[in-house]
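Student: Residues per chain are reported as follows:
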Amino acid sequence: MIHYFIGDLGHFFVITSFVAALASAFSYFKATNAGSLEKIDFWRKNGSLSFYTHAAAVLGICVSLFVIIANHYFEYHYAYSYSDSKLPDHYLVSTFWNGQEGSFLLWMFWQAVLGIIIIHTNKFWEGPVMVVFALVQAFLASMILGVVLPGFDFRIGSSPFVLLRDVMHDAPIFISQPDFIPAEGNGLNPLLQNYWMVIHPPTLFLGFSATLVPFSFCIAGLWLKKYSDWVRPALPWALFAGAVLGLGILMGGYWAYETLNFGGYWNWDPVENAVYVPWLILIAAIHTMITYKNSETALKASMILVITVFILILYSTFLTRSGILGDSSVHSFTDLGLSGQLLIYLLFFLFIAIALCIWRWKQIPTTSKEVSTYSREFWVFIGTLVLCLMGFQVLMPTSIPVWNSIVNNVFGGSSNMAPPADQIGYYTKFQLWFAIAVALLSGVGQYFWWKKIEVRQLGKELLAPILITFVVFVVVLQVLIFQFGSGSIRNFGYLLILFAGIFTVSANAKILFGLLKASPSLSGGAVAHIGIGLMLVGIMFSSGYSKIVSLNNTGLLYSSEAGDEYNRDNLLLFINEPRTMAGYRIEFKGDRLEPREKSGYVDPNDVEFTDNPFMVVAKRDIIYEDEKLFNAQDTFEIFPENRYYEIQLTGQSGKQHRLFPRIQDNPTMGIAASPDIKRDITKDLYAHVVDLNDPEKAEWKEQEEVRIAANQEFFANDYVAALEKVERVFSIGSVKLDSVDVAVKAHIRVKGEYEDYIAQPIFLIRNRMVGRIPDEVSDLGVQLTLLNIHPEANQFSIGISTRQKDYVILKAMEKPFINVLWLGTLMVMTGFGIAIVRRFREFEKMREKGLE
Amino acid sequence: MKKSHILIIVVIAVAIGILVSTAGDASTYVGFGEAYEMATAGNKKDIHVVGELTKDVSGNIMGIEQGVDKVSFSFVLVDENGKQQKVEYREPMPQDFTKSEKVVVIGRYEGDVFIASKILLKCPSKYQEQNVSV
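Top line first, the protein sequences correspond to chains P and L.
The first sequence begins at 0 in numbering that gives the first Met the number 0 and counts up one residue at a time.
The second sequence begins at 0 in numbering that gives the first Met the number 0 and counts up one residue at a time.
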C-alpha cells in the first residue's frame with residue numbers, strides 16, 4: 000500500500016516553510032522601516048512568529064523525509080534511489096543528504112537554527128538581519144518546492160516527496176500496475192557508506208549557513224547606515240564560520256583519503272575548489288574586520304570581502320548543482336533542472352549587495368591618512384591581498400566551464416577551453432608560492448600586531464625565532480637527506496615552504512608564550528597561526544614526499560601492454576607467498592568477509608554460503624584476534640557487498656600488522672576500492688587493491704586424473720594431498736537421498752603453506768545416473784573431483800583441476816609526517832575556538848552596556 | 000606615488016598574470032579529428048575529448064578489449080562529430096565504466112591510438128533511468 004499521507008504532509012510542510020519565510024521577511028522589513036515603537040513591536044512579533052513557524056515547518060520536512068527513509072517506503076523516489084532495506088541505521092542518516100533536495104534541506108535546517116539564535120541574542124539587529132535570513136530561506140525552500148505553476152509548463156524546485164511512479168512515469172511496470180511498490184531500493188553509493196559521510200555534510204553546511212550571518216549584518220549595516228557598528232556582532236560569527244567551514248573542508252579531505260583511492264586528501268577537483276575559495280576569502284575578511292576593530296581602517300575592504308564570501312558560497316552552489324561542471328569534474332552531478340533558479344538566487348543577492356554598496360559608498364567612513372609601512376594594518380592588509388589572489392588563482396580555472404557557457408550561449412561565440420589536464424601539478428605550481436607568502440607574513444605580521452615597533456626593534460624581536468627556524472630547518476634537511484636521499488632536497492619551492500612553515504611556528508610560538516603569561520584569552524591568533532604553519536609543513540611532507548613503496552620486485556612484467564608506470568608501481572601478491580616491501584615482509588593471506596553484528600573479519604573458507612546472500616553458516620568456531628566471534632553452526636549476517644583482502648605486514652622486529660583494504664561490489668552502484676591505512680607517528684602506510692583474481696571468472700586448466708589408494712600422497716597444484724577416508728552419506732546439503740541412491744563423500748587433506756584444507760568431493764549414483772560434485776579449495780586454486788571408485792583394487796580416481804592461485808595487485812604509498820597536518824588542523828580549530836569566545840564576550844559586554 | 004597605488008598596480012599585475020597563465024595552461028575540448036591534427040603537428044599538450052560509448056542491443060559496451068591481467072584496457076569512443084576512435088587506458092578499468100554512457104577522456108594521440116591519462120565518467124542521470132527492477 001502506498002503511504003500517501005507522509006509525503007503529502009512533507010509537501011505541506013515545504014509549502015508552509017516557503018510561505019512563512021516570505022511572511023517573516025515582509026514583517027521584519029516592515030519592522031525595520033516602521034516609524035512608531037508600537038508598530039515596530041507589532042511587526043517584529045509578527046516576523047519572529049513567522050520565522051518560528053518556518054523553522055517548525057523545516058523540522059517537519061526533515062522528520063517526514065526521515066520517516067520515509069527509515070521505514071523504507073520505496074514508493075518514494077528519494078528512498079528508492081538512495082537507500083535499501085539492508086542499510087545500517089547510521090547510513091540511513093547519510094541517505095538523507097545523498098540527494099540534492101536533502102542537502103538543500105540540511106542547509107535550511109542550519110540557517111533556521113542560526114536565525115533563532117540571532118532572534119534571541121540580538122534585539123537591535125534582529126529586524127534587518129532577519130529580513131536577509133528569511134529571504135535566503137525562502138529561496139532555499141523554493142528549491143524543494145516541486146510546484147508546477149498553473150498556466151505555465153514550469154516546475155519550481157524539485158520536491159523530495161515525489162513518488163517513484165511520478166518520476167518514472169514511462170516505466171512499463173507503472174503503466175500496467177500504478178500501485179506497484181519496489182521491494183528493495185537502489186542502495187547508497189558505496190563510497191558514501193563511511194562514517195565521515197555521516198558528519199562531513201552537516202559540518203560543511205553549518206559552515207555555509209554561518210557565512211550568512213556576517214553577510215546579513217553587513218547588509219543590515221549598510222541599510223541602517225550603521226556602517227561601523229555591524230562589525231562587532233558579525234565578528235564572532237565570521238570566526239565561527241571560518242572554523243566550521245575549514246573543519247568541514249578538511250573532513251571532506253580526510254574522507255577522500257580514507258575512502259577514495261587517488262592516494263591523497265586533496266585533488267583540486269572543481270567541487271573542492273568551490274568551497275576552498277570562499278574559505279580563503281572568509282579568512283581574509285576576518286583579518287580586515289579585526290583590523291577595523293582595532294584601528295578604524297579597512298572598513299570598506301571588510302564589507303566587500305564579507306559580501307564576496309557569501310556570493311562565492313552561492314556561486315559554488317551554482318557550480319556544483321547546475322550541472323555546468325559536467326565535463327570537468329570527476330563527481331557526477333545530477334542536474335535537477337534547477338540551474339535557472341540557482342542563477343536567480345545568486346544574481347538576486349549579488350545585485351542587492353552591489354546596489355546597496357554603490358548607493359551608500361560615499362557615506363562609508365574612511366581614513367585618509369596613509370598607513371605606515373611598519374604598521375600592523377599595512378602587513379595585515381598585504382596578507383589579505385595575498386589570500387584574495389590565492390583564491391582568485393583557483394577561481395579562474397574552476398570557472399572555465401562557466402566562461403565557455405557565457406561565450407557560447409550569451410554572445411553566440413564558441414569557446415572550447417577545458418581546465419588544465421594535470422590539475423594537481425597546475426594548482427600546486429601557483430598555490431605553493433602564495434602559501435610561502437602567507438606563512439612568512441603570518442610570522443612577521445604577528446610582531447607588528449602585538450608590538451608597535453620600528454624596523455630595528457623588529458630585527459631584535461625576530462632574532463630568536465629566526466635562529467630557531469634555521470636550526471630546525473637544518474635538522475629537518477638532514478632527516479630528509481637521510482630518509483629520501485640527497486636528490487630529495489632539490490625542489491626549491493618545497494624547501495622554501497618548509498622554511499616558511501617552521502618560521503611561522505617559531506615566531507608565533509614566541510608570541511604565544513608572551514601572551515600565555517599576560518592574557519591567555521587573546522592567544523587565539525597565535526595558536527591558529529602555529530596551526531597554519533604546521534599544516535603547511537605537513538602538506539609539504541605528505542604530498543611532496545609521498546613515496547610509492549609497492550614497487551614491483553618480482554621481476555615479473557604483469558603486462559607488456561600496460562606501460563611502465565603500472566609495472567613499476569604495483570606489487571603482485573599471490574596468496575601466501577611473502578614479498579618484501581618498504582622494510583616489511585608482506586603477504587596476502589586471503590579475502591575476508593565482514594559480519595554485520597560483530598566487528599572483525601571472517602575467512603570465507605570458514606563459512607557455508609546460503610541462498611540468501613546476507614546469511615552465512617559457520618562451519619567451525621570463528622575466532623578473530625583471540626576473540627570468538629561465532630560458534631560452529633551459527634547462522635549470522637554479513638555485508639555481501641564488502642570483501643576485504645588481508646595483507647599481513649611483518650616488520651624487522653617481528654612485529655605484525657594487518658591491513659584490510661576493501662573492494663565493494665554493489666550490483667546497482669558498481670565497484671569501489673577503498674584503502675586501508677597503517678598509522679605510525681611519523682608516517683602513514685596507505686594501501687589499496689588495484690586488481691585481483693576473480694575466482695568466479697578464473698580459467699581452469701584441463702583436468703588431470705590420478706589413481707591412488709587411501710592415504711597415498713599425491714600433488715595437486717604443487718601441494719601435497721592425500722585421501723584420508725571415504726564415507727557413505729545419506730543427504731547432500733538439505734536434500735535427503737532415497738534408500739536406493741548411493742552417495743560417498745571423500746575427505747582429502749591438502750597441505751597448504753600454513754594450514755591444511757579438507758576437500759570433500761561427492762560421488763553419487765541416483766536413478767542409475769552417476770553424478771559428481773567437486774569441491775574447491777579456493778585459497779590454493781585447486782578443485783578436486785571423486786571421479787571413480789575401483790573396489791576391486793581398493794583405489795580411487797581423483798580429478799585435479801587447477802587454476803591460477805588467488806592474487807591481488809596492491810598499490811601502497813608512504814605519507815611521511817601526515818600527522819603534522821592533522822595536528823596543525825587541530826591547533827587551527829583550537830585557535831578559532833579561543834578567538835570566538837573572546838569576540839563573543841566583547842560583543843556581550845557592549846550589549847549589556849546598551850550600546851547595541 | 001602613494002604606497003596604495005603601488006599596491007594596486009602590483010595586485011593588478013599579479014591578477015593579469017594569473018589570467019594569462021590560466022588561458023595558457025588551459026586544455027581544450029576538441030574532437031578526435033582535431034586532436035589528431037594537433038598531435039601530428041607536434042603539440043604534446045593533453046586535451047579533452049567528450050564522447051559516447053557505443054552499446055549493443057542488450058546494453059553492453061562494444062569494443063572493450065581487456066589487456067593481459069586486466070591492468071589496462073581499450074575501448075571505442077565516438078566523439079561529438081561521430082568519429083570513432085580506439086582509446087587506450089593504461090590503468091585498470093575504472094569502477095562504473097560499464098555503466099557509463101558519456102565519458103570525457105583526457106590525453107593525447109600516440110600514433111593512431113588515443114592514449115587517455117584520465118577518464119571522467121558521466122553516469123546517466125537517475126531521472127532518465129526508466130527501469131525499475133521488479
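Note that these hints are calculated values from the structure, not bench results.
Among the clues, some could well be false.
As the list claims (entries may be wrong) - PhoX-like cross-link-like pairs, simulated, lysine-lysine; straight-line CA separation at most 25 Å:
| # | chain 1 | residue 1 | chain 2 | residue 2 |
| --- | --- | --- | --- | --- |
| 1 | P | Lys299 | P | Lys38 |
| 2 | P | Lys299 | L | Lys1 |
| 3 | P | Lys700 | P | Lys654 |
| 4 | L | Lys117 | L | Lys98 |
| 5 | L | Lys117 | L | Lys54 |
| 6 | P | Lys224 | P | Lys848 |
| 7 | P | Lys597 | P | Lys618 |
| 8 | P | Lys299 | L | Lys2 |
| 9 | P | Lys224 | P | Lys292 |
| 10 | P | Lys361 | P | Lys225 |
| 11 | L | Lys117 | P | Lys428 |
| 12 | P | Lys750 | P | Lys700 |
| 13 | P | Lys654 | P | Lys588 |
| 14 | P | Lys428 | L | Lys43 |
| 15 | L | Lys98 | P | Lys85 |
| 16 | P | Lys744 | P | Lys618 |
| 17 | P | Lys292 | P | Lys38 |
| 18 | P | Lys677 | P | Lys588 |
| 19 | P | Lys546 | L | Lys82 |
| 20 | P | Lys428 | L | Lys44 |
| 21 | P | Lys122 | P | Lys844 |
| 22 | L | Lys54 | P | Lys361 |
| 23 | P | Lys700 | P | Lys618 |
| 24 | P | Lys700 | P | Lys85 |
| 25 | L | Lys1 | P | Lys361 |
| 26 | L | Lys2 | L | Lys43 |
| 27 | P | Lys361 | P | Lys428 |
| 28 | P | Lys588 | P | Lys750 |
| 29 | L | Lys117 | P | Lys292 |
| 30 | P | Lys618 | P | Lys654 |
Given the structure is predicted, the values throughout are model-derived calculations rather than measurements.
Student: Each hint should be assessed against the structure and marked as holding or not.
Tutor: Hint by hint, here is what the structure shows:
no., hint, verdict
1, P:Lys299 x P:Lys38, "violated, 33 Å"
2, P:Lys299 x L:Lys1, "holds, 19 Å"
3, P:Lys700 x P:Lys654, "violated, 39 Å"
4, L:Lys117 x L:Lys98, "holds, 17 Å"
5, L:Lys117 x L:Lys54, "holds, 21 Å"
6, P:Lys224 x P:Lys848, "holds, 21 Å"
7, P:Lys597 x P:Lys618, "holds, 17 Å"
8, P:Lys299 x L:Lys2, "holds, 18 Å"
9, P:Lys224 x P:Lys292, "holds, 17 Å"
10, P:Lys361 x P:Lys225, "holds, 14 Å"
11, L:Lys117 x P:Lys428, "holds, 20 Å"
12, P:Lys750 x P:Lys700, "holds, 21 Å"
13, P:Lys654 x P:Lys588, "holds, 17 Å"
14, P:Lys428 x L:Lys43, "holds, 19 Å"
15, L:Lys98 x P:Lys85, "holds, 23 Å"
16, P:Lys744 x P:Lys618, "holds, 17 Å"
17, P:Lys292 x P:Lys38, "violated, 34 Å"
18, P:Lys677 x P:Lys588, "holds, 17 Å"
19, P:Lys546 x L:Lys82, "violated, 40 Å"
20, P:Lys428 x L:Lys44, "holds, 17 Å"
21, P:Lys122 x P:Lys844, "holds, 15 Å"
22, L:Lys54 x P:Lys361, "violated, 64 Å"
23, P:Lys700 x P:Lys618, "violated, 29 Å"
24, P:Lys700 x P:Lys85, "violated, 39 Å"
25, L:Lys1 x P:Lys361, "holds, 21 Å"
26, L:Lys2 x L:Lys43, "violated, 44 Å"
27, P:Lys361 x P:Lys428, "violated, 40 Å"
28, P:Lys588 x P:Lys750, "holds, 15 Å"
29, L:Lys117 x P:Lys292, "violated, 49 Å"
30, P:Lys618 x P:Lys654, "violated, 31 Å"
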